[in-house]
Amino acid sequence: MSTVLAGQETVAATGSATAVTQPGRRRRLSRKWRRALVAYAFLLLPVGFYAVFMILPWIQTIVLSFYNWDGIGTKTGAGFSNFVHVFSDPQLRVAVVHAFELMLYFCVIPIVSALFLTALITGPRRPHWTFTRAVLFLPQVLPAVAVAVIWQWMYGENGFINQALRWVGLGRVAQPWLASFTWAFPAVGLVGSWITLGLCLAFFIAGAQRIPIELYEAIATDGGGRLRQFRWVTLPHLRGEIVIAATVTAISAMSAFDIVFVMTGGGPGVASIVPGLLIYQLAFTAFNVGQASALAVVLSLLVLLVITVLRLAGRERS
Amino acid sequence: MTTRLEWLGTRAVMLFALLSIVIPLLVIATTALEPPGSLNTGLSWPAHPHWGNFVSAWSVAGFSTLMRSSVIVCIGVVPVGVVLATCAGYAFGTIDFPGKRVIFAGLMIGLAVPYEAIVIALYYNLKSVGLTNTYLSVILPLIGAFMPFGAFWMRNHFAHTPVALIEAAQMDGASDLTILTKVLLPNSRAALSTLAVLYFTWTWNQFLLVLIMIQDPARETAPLGLALFVGQYTTNLPLLSAGTLIVIAPVMIVYMFFQRQFIAGLAHGAIKG
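Residue numbers (the working numbering), protein chains in the order written: chain F, 7 to 324; chain L, 13 to 285.
Bound-form chain F, shown alone (with noise of 0.2 Å):
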């Protein structure tokens, strides 16, 4: 759009159609230069705040990761030493594991519920559902800190959880969730859940309204109930969206920090324990910068690879 803006303003600027001649090509090089600078102009102070505080810091953290250093006394070179651990050393290994399987819990639930909603609200009729998207967006808003203050009720020992299943009899299943071994970390993972399902499905509902109602209407005339409609029309429509969903949610999902901080810990032991917090605890807390830094730049690696991952198999099938 912008370069067909560009060449008409060159239009009105030489003013009447002569032919191009040697002085109109310069000033039309000129003018174009003219142009760069204002958006040259305007970009110094957005592009300079983005790199002063994200890209020059993010480089510096990959320096840091080559080297040891406790943040106050001076700097030992350590080559690839804290990359090595992250891989062997099992606190570090386990966290690097859970980004991954918080993918599941982050993305693949969220994503298979809302399409599941999706197809329930969408297709041939169109009620809007506004105040059901609302309450089920809500939680992308909240404060993660609040969030997570919330399900360490719900998963008490007294919570809403423990209730719940001595209503429907299974009262000796319940337990104080979020100090189990084996529960701790799914009981996180779910939050992550209840977060991006609202997100998710609020993707679909958009792109699911797009959908021409005729091809609905085809396959149900062909004899193709609901089932159907949703194999073969809605699901290739939200191809993108459902590429989109996945992005953004893998990206949350493997940088989580706020709720693992606030209702685990990591804990108990490192049952819970994710890149994100380890990083933290690594950096500010065991003063071990180096090996927060190199477990830092593995994790940016991994988003990078999943992103780059999933664009890919969008664009492959679309």
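Incorrect hints may have been included.
Unchecked claim - Derived CB-CB ranges, DEER-like:
no., chain 1, residue 1, chain 2, residue 2, range
1, F, Arg-317, L, Trp-19, 32 to 40 Å
2, L, Ser-32, F, Ala-180, 13 to 21 Å
3, L, Arg-201, F, Ala-57, 26 to 34 Å
4, F, Val-103, L, Ala-24, 32 to 40 Å
5, L, Gly-74, F, Asp-95, 36 to 44 Å
6, L, Ala-261, F, Ser-186, 31 to 39 Å
7, L, Met-268, F, Leu-311, 38 to 46 Å
8, F, Gln-215, L, Val-114, 34 to 42 Å
9, F, Arg-178, L, Leu-51, 18 to 26 Å
10, F, Ala-180, L, Thr-246, 15 to 23 Å
11, F, Val-103, L, Val-83, 23 to 31 Å
12, L, Ala-261, F, Val-103, 37 to 45 Å
Said to hold, decoys possible - With the C-beta cut set under 7 Å, the calculated list includes, among others, these residues of chain F facing chain L:
no., residue
13, Val-100
14, Val-155
15, Thr-314
16, Leu-318
Unchecked claim - Below, computed lysine-lysine pairings styled on DSBU-like, alpha-carbon distance capped at 30 Å:
no., chain 1, residue 1, chain 2, residue 2
17, L, Lys-112, L, Lys-194
18, L, Lys-194, F, Lys-38
19, L, Lys-112, F, Lys-81
20, F, Lys-38, L, Lys-112
Treat the hints as calculated values from the structure; they're not laboratory data. From the three backbone atoms N, C-alpha and C, an ideal C-beta is built for every residue, glycine too.
Starting from the structure of chain F, add chain L where the hints point.
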């Protein structure tokens, strides 16, 4: 018959989904009204609701100070962040210049990098210039951190405004600043308010950065105060619940008024690009 069953089934599933969101919120609300010292965090209406818990939580956790800090940080981030995002969006959305693709791609990387990978060096940088433990140590990094989304959002908005509008102004000899402020911005109310509301929420909710930068209790923001409050008063659950609701209240109110903008910004915004 099947359609009726279908209709009922749909309602039932949607009701279940609604309850899964609403019940946790009801739990925190009813727990906040339990008598102080109660250990009940299930779902039941307390016999004698203790509304006074909110007052005690406010004073015990020092919410006057926490709220003030949160408001100061929001005032520091939102206006500057939105103005700078608008500038970036104008450049990316309406001007063609060398390096545009590269600079824009570089900005978009910021949407993917885990913030944990940035705060380590960021902390030592700000410490070396004596900025840690100040509001600026939260405000400045957040303006930078939100820039990728802001620039992306405003670029999409400006790229969709009619070219003729800008051309007409240029023929009249209007400068870029005039075009932006007099021609484009009056038509950008919705885009700007959505961005401002999102920036406000993200700033209000920010936890990791504040946890690392701020040690002085007088400068803690509401979520950090809540997290530390939870750590200290583990036995007084009603008080903690009341505190949690106090921290939630501002974003909840904003969400009630701007619900459409939130969903448009986060869901539709990403799809457009």
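- Can the suggested window of 32 to 40 Å be confirmed for the beta-carbon pair Val-103(F) and Ala-24(L)? holds, 37 Å
- Query: With 7 Å as the cut and Cβ atoms as the points, is Val-155(F) at the interface with chain L?
  - Reply: This hint holds: Val-155(F) lies near chain L, its Cβ roughly 5 Å from the closest one there, short of 7 Å.
- Quick one: are Val-103(F) and Val-83(L) within 23 to 31 Å, going by C-beta? violated, 41 Å
- Message: Please check whether Ala-261(L) and Val-103(F) have a Cβ separation lying inside 37 to 45 Å.
- Response: The hint (37 to 45 Å, Cβ to Cβ) holds, given that Ala-261(L) and Val-103(F) are roughly 38 Å apart.
- Whether the CB-CB distance between Ala-261(L) and Ser-186(F) falls inside 31 to 39 Å: With Cβ atoms ~33 Å apart, the hint holds.
- Query: Okay, Arg-317(F) versus Trp-19(L) on CB: inside 32 to 40 Å?
  - Reply: holds, 39 Å
- Lying within 15 to 23 Å: is that true of the beta-carbon distance Ala-180(F) to Thr-246(L)? holds, 20 Å
- Query: How about Val-100(F): closest beta carbon in chain L under 7 Å, or not?
  - Reply: This interface hint is violated because 17 Å lies over the 7 Å limit.
- Query: Does the alpha-carbon distance linking Lys-112(L) and Lys-194(L) stay inside the 30 Å limit?
  - Reply: holds, 25 Å
- Message: Taking 34 to 42 Å as the stated bounds, is the beta-carbon spacing between Gln-215(F) and Val-114(L) within them?
- Response: The hinted range 34 to 42 Å holds for Gln-215(F) and Val-114(L), with Cβ atoms some 35 Å apart.
- Query: In this structure, is the beta-carbon distance linking Met-268(L) and Leu-311(F) contained in 38 to 46 Å?
  - Reply: holds, 39 Å
- Task: Please work out if Lys-112(L) and Lys-81(F) have their alpha carbons no farther apart than 30 Å.
- Result: Roughly 38 Å separates the two Cα atoms, so the pair is violated.
Of the hints listed earlier, those the structure fails to meet are numbers 11, 13, 15, 16 and 19, in rising order.
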